Amino acid sequence: MARKLWKTGTAVGASIAALGLLAVGITTHASTPKATVAGNADAVSSGKPTPGGSITLDTDGDFKDLDPALAYDTISGEIVDQMYNPLVTYKGTTSQLTGDLASSWKVSKDGKTYTFQIRPGVKFWNGDPVTAQSFVDEFQRVLSPSVGSPGEGFLDPIVVGSTAYNKGKAKTVSGIKAIGKYTLQIKLTKPEPFFLQVLAMPFFSAVDQAFIDKVGNKAFDSQTAMGTGPFELSKYTGTQVVLKKNPDYFMKDKYGNRLPYLDQITINVNKNDQVDALHFEDGQTALIADLFAGIPSSVYPTFLNSPTLKKDIIKAPSNATYYLGLNNKLAPFNNVKVRQAVEYAINKQRIVQLLNNRFMVADQPLPPGIDGYMKNLPASVDYKYNPAKAKALLKQSGVKDLNVTLYSENTADAEKIDDQIQSDMNAVGFHVKIDSMDWNSFLTLTEKGKAQAFQLAWIQDFPDASDFLNTLFNSNEIASGNNASMYDNKQVDSWLNEAETDTNQAQRIQLYDKATVQIMKDAPWVPLYYGEFVYAVQPWVHGFYINPTLMDPLQAIWIDKSHQ
Amino acid sequence: MLSFIIRRLGATVIVLFGISVLTFILIYAIPSDPARIIAGQHASLATIKEIRHNLGLDKPVPIQYIDYMGRLFHGNLGTSFIYNEPVTQLIMSRLGATVELALGCWIAELLIGIPLGIFTARRARKPSDYVVSALALIAMSLPVFWLGLILMYYFGFIHPWFPLGGNSGFTSLILPSLTYGVTGAAVYMRLLKSSMLEVMNQDYIRTARAKGAGENRIIWRHALRNALIPVITYGSIDIGTLLSGVILIEATFNWNGLGMLAYQAIQQSDIPVIMGTVLLTAVLVVLFNLLTDIVYVFVDPRIRYD
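The listed protein sequences correspond, in order, to chains A and B.
Quick note: the first sequence uses the working numbering, first residue 1, plus one each step.
Quick note: the second sequence uses the working numbering, first residue 1001, plus one each step.
So here's chain B without its partners, still in its complex pose:
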């Protein structure tokens, strides 16, 4: 297991290097000038030139990349062109809000999706299955900004039970999590349902039934545990993505997290922030994939990496 983890971490470095090169190239493919944005529409050419020089943007792109990587190896993600703040500081100031929101959204998805998955699997091809599946499909199709606004309007404005957006404590987390949970749970439900149906037809389930095991024991001890593998795979990618920012939820609920930071950075050609947020996303996705592979071993003892 340890050698597997070391091998995967080694591969991560290569992935991150590839992503850094690709992101750098893509940023420079955009026909925009960060110095222009910083200087403002009315600035003189001389000012723009000075800003470009101060930011090192007048150097050839490969040199800029080498400089960036040099700083990165010393743990320095650079300073934001727009905010004049260290990127690490900017990311850290938003990370707490993003982790909170990501966990809230993820837990809501699981809390809604997993019970519904089990329910529809047990009620497969019965009217209740069709009703729940249809509702899940509708929920999955709802735009989050629309549902978010509806929820905020009724439960924040008409009935002021929850705050009208913003990230100010636990109560402000309920509506965004619920919005994401409702729209995202259907994927978990469908994954679990199909996986459960497959598992329920396996011989060991039939054996358990023949041995007189109760339905609850069969579902929770035998079927669910084996049916969880695809859910874990999807769930880990999902949380990795959520942790890198949920732009639509953040924008709808005025939740100032990493998603909005990254979006703004792209709009303003704030290269150090774009690089920082992209690399962080890559690290999170790779780490959660690794974590998933490790969790498999505990969920399904048949899986071994040695």
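Chain A on its own, in the form it takes in the complex:
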């Protein structure tokens, strides 16, 4: 599931929490001894799994979608992930693909035909069998304009017949067929080397069309669910979700125990991060993880300053890049020397310090976890903080009007970074004005190409360089708003287009390397820092791990308060 940045509407809660932190100066409740939790992405484990028990989790976001075809934010993703299964998924903490509802698959030599064998005997919670048709139905739903799925663009036009179906010119998608009860065939118009990663997204999960027909699309998104996943929907209100164990879940652990271990998970909407931290500290909640996109900034210092809470923190790199976008079509950033000057002007290390050293300084658009990240960037494009060089470049550019408006979302972190960028840019000769606003207005403005400079992030949909470089720098993505810096370099376009269909991974990486160097030379972005998952896990929660692409592995965790 794509981990999303666009969790909206938390600004009030976060600000309150931040103010509260200053005012209350919350300390540690040290009555419960807590064991050390491994500070890496490996499974947090002790002994054999113990089935049973229930946990409570908080979230500071909202439950928006139950329908896998629509769920595209972190909170909905966390719930949908527990209830549905796609064809393929990722193994443990890695980006290595493994079968989920597909027991095996074959890709034709030309890379255009995918044939999946569906696990026989898997059932939806109501007993209806999962067949190849369960996927055909979901693919058609994703492509159907009446559903309006954000996943539509991942299939159309790459899947044969997808456009015709989407435009209402065909009744079925000719490239997606159930060629047997448990055999699914998907035909592509051209090879797409990352198509399996696309299929691992929850949009493409098995659904029970007969159930959807009975309840209707709206209720399927807002009231009820019918999946194959480890947890069934037991209760759903706008402010609480209760999931109960699916006793017939098809997955087993390495000891042969049927997953999941937990009987029940209760998730409450609690928007005050400060109180959520107290719930965790008090042992009322089991995790602060994906439902918060990590420990919220406002309470992170509390965790760092408490010897007991500090031990509950686990970290893993995330495939996300936070950047300062410079609009190539608007002055003064239509001049490459001015853009390069900004590359040298920003003190990224200081920005990371402002964020409590939670993140890693970025030097290029691709994060280190993505194949194609260049460990040794050529010196000419490996920009280091150098205000003197920035001033010299500005002088060389000959640009006199250096008035800039910097746009961002009005979150506490973004505003902190705004101040640092403003101070750094002003120090070399710019005159920066800050304009921060709600997420929706900000996104609309930047994507229409109206923002001179803006702070934005890209969090992967799937772990492939295409999801970053092609989506964010190809000129054909200007219209969609993804290429918000309006970067347009035909040579880079040609490398990126070639890499989109090249099935030779080594050749693809070479193409992405060339594109990365040229992009950094043209400097449409200042990559600021790479994301990191910073979670808190109770010492009595076992089996938890972080996969950079998937949501929390709630099916794999168990609780055992005697082993901490």
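I should point out that these hints are in silico values taken from the structure, not numbers from a laboratory.
Quick caveat, the model's predicted, so the values are computed rather than measured.
Possibly wrong hints are sitting among the right ones.
Claimed, not checked - Just the calculated beta-carbon pair ranges, DEER-fashion:
id : chain 1 : residue 1 : chain 2 : residue 2 : range
1  : B       : Y1154     : A       : T94       : 42 to 50 Å
2  : A       : Q349      : B       : L1287     : 26 to 34 Å
3  : A       : K235      : B       : T1171     : 20 to 28 Å
4  : B       : G1070     : A       : G92       : 49 to 57 Å
5  : B       : Y1154     : A       : D401      : 49 to 57 Å
6  : B       : D1067     : A       : A210      : 48 to 56 Å
7  : A       : Q518      : B       : L1016     : 44 to 52 Å
8  : B       : L1103     : A       : K214      : 39 to 47 Å
9  : B       : A1011     : A       : K214      : 53 to 61 Å
What the hints assert, rightly or not - Partner residues aside, some chain A positions facing chain B, computed with beta carbon under 10 Å:
id : residue
10 : G148
11 : V242
12 : K271
13 : Q396
14 : G398
15 : V399
16 : D401
17 : T405
Heads up, the beta-carbon is just placed ideally off N, CA and C, and yes, glycines get one too.
Chain A is already provided as a structure; the job is to place chain B on it using the hints.
Frame of chain A; chain B shown alone:
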């Protein structure tokens, strides 16, 4: 009285119409696209276009307004863009929590504010009046999120007497009500004090005293009843506002009521929910104003509308 009520209800329809037009215009003045938020940051242009079409956002604004009003006249507030649920259902799911919180906060304000108002009026210009008035001023200046967190930390975490936020029964109502009561009571206290002082100088109070009425009888029977008019006026507006949601209290105490629903809707450009919550607020404020005018008649028999 009946014709007065009918006239006021007629005026309410005009007020609601005005508010609906104004809200609609203001929503469209915000440079944001609800379809973009629904589709997500990574969605294609085609998907955004489809969503915009499905929601009817590709129609001209006046047509969208006429469509909305058409549905409204049939009692349909529309479906939330974000939650895919009928707005009425969303509002109803939060209304109970909001009514509970509003009444809790209001009663706490009255229970603290009215006795203090009477006390300071009776002790006017004495040291105890200065101390209580100063404390009330401090309480009024306290940010509710700060006081709320302090109370929760000490009485929910250090001493777990009350729940740490959330709306789960009567005990969870105490701290938010107390927080709001402490910060809001000062207004009632000051209103009542000045009104009482004015009333205490009236001839009929002097007459009552001359006739040998006891101090308690004078305060409770003669002064307080006449001094309550400004308190009732403020109190009715206060409860009307409280019923439309108390965002800061709701956010501080994780109380999922209408305030947070409205706030989220504004953040996400969820037009049907914004319209629904704004119209509900308008109805509540207008109704409570009407109710106040009716209550005046019972509190002060000199007031007549015929």
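What hint numbers does the structure not satisfy? Of the numbered hints, 2, 6, 7, 9, 11, 13, 14, 15, 16 and 17 do not hold.
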